[in-house]
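Trainee: Spelled out, the chains give:
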Amino acid sequence: MITPRHLLLLSAASFGLILQPARADEKPFRQMIDQEIKAAWQRENVKPAPRSSDAEFLRRIHLDLVGTIPTHDEARQFLQDTDEQKRAKLIDRLLEDPRFAQQQASVWDLAIFGRQPPGGEVTRRRDVFQKWLQEKFAKNEPYDVWVKEVLNAEGNTSEVGPAMFYAQFRNQPEEAAMAVSRIFLGTQLQCARCHDHPFDKWQQLDFYGMAGFFARLVFVEGGNANQRSMLIGEKRTGEVMFSGPVTEQVPGKKGTPVQAKFLGSTPLEEPALPAGFKDVEVKGAKTFPKPDFSRKEKLAEWVVAPENPYFAKAVANRVWAQFMGRGVVHLVDNLSDKNPPSHPELFEALSKELKARKYDLKWYIRELVNSETYQLSGRGESTDAAPRWFERARVRPLTAEEILAALRLATGYDQGVKPGEKLPNAGNEYFMRYFGEPLNGRGDFQASLNEHLFLNNSSNLRQMIQAKKGNLADTLATSKEPAEERVERLFLTVLSRLPRAEEKERFAAHLTTAGQKPEALVEEAVWALLNSAEFRFNH
Amino acid sequence: MNPLCPVREHVSRRAFLKASLSVGGAAVANWGGLFNSASLAAEAKKQGMRCILMWMNGGASQIDTFDMKPGRPTGGPFRPISSKVAGTQVCEYLPKLAQQTDKLAIIRSMVTSEPDHPGGITSMHIGYRPEVSIAHPELGAVIAKYHGKPDSDLPTFIRMGPAGNGGPGFLGPEYQPFSIGRDGRLPPFSDAYATAESEKRRSDLLKLVEDGFTQENKADPYGAHRLAKEKAWRLLKSKGIFDVTKDWPKAKERYGDSEFGRGCFLARKLVEADVPFVEVGHDNYDSHADNFVCHKANMNQLDPAWSSLLIDLQERGLLEKTLVVWMGEVGRTPYINNRAGRDHYIRAWTIVLAGAGVKGGLTYGETDIDGKTVKDKPVTEGDLFATIYSALGISPRTKHMVGTRPITVAPERSVAVADILS
Amino acid sequence: MADAPNFEKCTLAYTLPWEAGWVTAVTFIGASRKLAAGNEHGQIMLWEVPEKAGETVPLPTRRLDGHTNYVSRLFSAADGKTLISTSYDHSLRYWDMTAGSKGEDSVVLQTKKAPNKEPVPTLTHKVELQASEKTLGGHKDWIQATDLSADGNLLVSGDDKGNVIVWDRPAGTELRRWQLKGWAFAIALSPDAKLAAVAERIPLIFDSGRQAALRLWDVTTGQMVKDFSNQQGAKGEHFGAAAWSPDGKLLAVGQGNESSGKIYLLDAATGKKVQEIAGHLSGVNELRFLEEGKLLLSTGRDTAIRVWQTSDGKKLAEVGKPRGGQFKDWYHAMSLSADRKWLAAADMAGAVAVFAVG
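Protein chains in written order, with this note's numbering: chain A, 26 to 564; chain B, 11 to 432; chain C, -9 to 348.
Excised from the complex, chain A in its bound form (with noise of 0.2 Å):
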């Protein structure tokens, strides 16, 4: 009998992993997952949802690992198979989608740059690191080998995928420090950079200490009007100046340089400079030689290092969360000691785990989704989005690229774009726009009404909607299938699922409404469906 671990260890093997050889007494990991989850809710006296059912199971493991929905015939598919371990295949198979290399990065480039990154037009758009870090997925990269090539980028940005990283914080090492420290060591500095932060263990010479290992980052601006570009160096000398704290800044007072200084850690040990050093001319500079010793070179080797006691728990925690809902330490950038994981020791053990699999993003992340915790059903009581204790599915709204490449794809929007050719513009600019930002500072959902603007009355969404040669709209009104087969159709399509009895029922006789034209009732019907929550939410 082929069990779901031998699964794994064959698909692994097939795609050329090295996997350290499970002892026989050793329990699979995902499985430690779920008892730490089970001892959470005996003792939290929480009653957890159900497993949840094919249908869900199949929208939301096509959402999270390949960043859309799968098509009508999938979905047929999917529910028709009666293979018990039909989800551990579905999973191995969408891990090696190309498409799933593609999501990761397009999560880990909104971790890292978000909805408004700083550096203008330089940073606005970023190909070249988006295909740089696809392919880091592609290959499977360990995390700590790539975030190490970050951290040491130098080069033109629109040459040198990494490069991008550092563009956003030009000529600003206390915003490149903040970053740092945020997305690779989920620490919370910024309160630390005008007064020692009142509520963590960070003061201000924390704070500028690691500024220190960014003040000598240098950037000339490039490109032509189409692309803007950064070339990013690094000189040999140059310091943060520091003043003390913003409220006793007065004129006359000279900032004082501040050693660089390994968060929470010993400051940077320097070689002296060579005698008559002369540092290089940024202006007008084509490329920048490396120095002979390089601060953020040492800051990227101890950001990886496995002593480093936050880089571990930190990427453990976001990439949990980006599969649960919420971190085991919420929020997932605020480690801190003010701030206790709700599952101390399964907090350990994940980044344990990850760190002894040496990074391996695709083992973890295999690992999480094939967890009873993953799969259990988002329908129960609880009200919350993603609750504490994990005892339901979490509930998180579509990304904006999530929404596009599902209403494309729900509607058939690229018919006759043939293999290789550029998709054409949907109104990506108005999906960024009202559908960029859909949760508050807390990280919760926020309903606006300005999407609902959208959805109802923009010619954007209506031009997928209304029948186009070979799209959705189209087969459905074009169809001579009985209505009750055609609104089949139309729920799997877009749902992904069956529909009810009262819902074919009720669809069915609104499509063969008296007096009025087929391409109108196609179109109200599939804009019912389009704008659920259902279909507006990953469940």
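Hints are computed from structural coordinates only; laboratory data are not their basis. We put the beta carbon where it would ideally sit given N, CA and C, even for glycine. Do not take every clue at face value.
Said to hold, decoys possible - Residues from chain B that keep clear of chain C, each with C-beta distances beyond 10 Å, as calculated:
no., residue
1, ASP214
2, ASP253
3, ALA307
Unchecked claim - The list that follows gives simulated cross-link-like pairs (lysine-lysine, DSSO-like), each with its CA atoms no further than 27 Å apart:
no., chain 1, residue 1, chain 2, residue 2
4, C, LYS304, A, LYS308
5, B, LYS210, A, LYS493
6, A, LYS173, A, LYS380
With the hints as your guide, set chains B and C onto chain A.
Mentor: What follows is chains B and C alone, placed relative to chain A:
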């Protein structure tokens, strides 16, 4: 059912949605009292109260406006002028407002807790220090809940320009803010292409799908999604009120030809139409550099807008029902930095209230000779919110259940400033 | 003409003590080594700079009392007989530099914030007193922008209500005025005193009411003759300093905002940008052409005076140094003595810095 939690809180969201979602584009129900607002309003001691929040984004300087320190090292280059109230001086760049000080209660002893923008914007909109575990509702959401009119098609919580960042918090999506441009312009896509009949047909189908789904799926985001859809339909009916282009050419002579002035004028029209809460943001006071020119430019806009708003409200008999709040997230430092700026300051700053029975013509609290500390009668953000809610007839001790915790609308230990309440 | 001054060899000769708050304006008087400086409280103080560097630090000789708020600019008439001051107290004042003393007062001197120097001990010192000869009213807000014509006969001043007034300088009478949309931030008169370049601002942040303009006005009619506001480099910029080259061909303007301090050389006939100069870390406070327009001196919000070659924008020298730290002090103004041996700067940190030019 939890005995601490009032029944109406449990009026099922589904029941409500059934009642209102069936309307489609043809017959549109009300935005305002989505639940049972009549009984909620009855809980408030006063009826039909409103509030306009003039939000000084970035944090206005107290020393350069209402707590001047002429001749002191912290005083800066602005000079005080006398006002309608003997002994109360204001900045020379607020000459029109100086004639309205009989309406103002100037609190010069604010001592608050959040020194930075995001935290300060949150805390000065919710009355609490921000907490990760509890999403407190903004002022506008609480007022929308207790003073929203059941029979109004208009949103109950409207904001323009830079404003709060908290939203309705645990009060839920019903009390979400409706954000319009700072000149009152509606968001794009506010015109329907669907005919009323088509809108009705497609919304009926949507209702069917939503009802089926939310039978078993009860997470909060679904309710938020559905309510926002509701609001999109209702807007079509009520949007005429936001168009002030006809009245503005005349009004701008008094309110000043600025977006903020226009926002204040629109706010007046909205409270006249029973909208209980309007926030008008004014950008931007965050003058870490060039504090004085920044404040002068801002006051040139603030002075005519604020004074005209007070005059108009009084002429219409609305001032006794409308609380006008002037505040931002922080005050500014007494000392002047080496960029001719003032930084954030929360140990001694000023907020101004008017209307809704607040006693005018008085100053409350006092700072020291240089404005560095509060000499007596400190007021926290919690105390301020207790005062605001009291003025509007909402008990600061009004409780909402959050999980298992009862949470009061103003913090437990906050005290309303009785001296300025009538 | 004397040899070109060698700014590369400038050294700090004296830091003049004054318990002043910010020193906001400075000028040498006529051809003398007499130096006047104003502060944020409205005081003006006079000093005699010694003949050469290395002498005892000079103490102020006289205080000019009259202004009640920030002294924004100081000008000396070429003959050295009249000092002209402008202020946030809405007035311009004339001071007779030949007049005798009208009494005396003791002042406390201390450079408690003198940068890069040991603090000078507090010192009580007697100074003569003088009142102003004439007060020019007519402005209703802060006077921030002023210029005096090369022949000293015309004075143009602008305020934060947008009033620009042209004065008959010797008579001290108003000739005409015009109204701007924004506030006057910088004014430069053409060498023939026929045109005034006026930079306007309404310094709102994130508000559509923010306004910026750079326009040329006919001084004799009060009519606007050219609008450079939309020229490349000028659009949306608040210029806090302006100067006209002696041949009238170039107009130098400097960004006066906090975030950057670039200097643009514009073709004065068309407004087209001909040269961009790095300028200062933050805003520019004063600009002056030298050597028939070959050189441009600038100072601003980074406690440095820089000397630029106008033909290519190259920096030739830097006098003073940015002080580092998160934020910087400013030099509000600078003045070069008539014999070009001394360069003085009005330091926000509460002192007048006097550099000996090499």
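Trainee: Does each hint fit the structure? Answer for all of them.
Mentor: Status of each hint after checking the structure:
Against the 10 Å criterion, B/ASP214 stays outside the reach of chain C, whose nearest CB is about 43 Å from its own CB. Every CB of chain C is more than 10 Å from the CB of B/ASP253 (nearest about 19 Å), matching its label as outside the interface. Not every Cβ of chain C is farther than 10 Å from the Cβ of B/ALA307; the closest lies at roughly 5 Å, contradicting the non-interface assignment. A hinted pair counts as satisfied when its Cα atoms are at most 27 Å apart, and C/LYS304 with A/LYS308 qualifies at roughly 12 Å.
Distance restraint check for B/LYS210 and A/LYS493: the Cα-Cα separation of roughly 24 Å lies within the 27 Å cut-off, and the hinted pair is therefore satisfied. Taking the CA atoms of A/LYS173 and A/LYS380, the gap is near 15 Å; set against the 27 Å cutoff, the hint holds.
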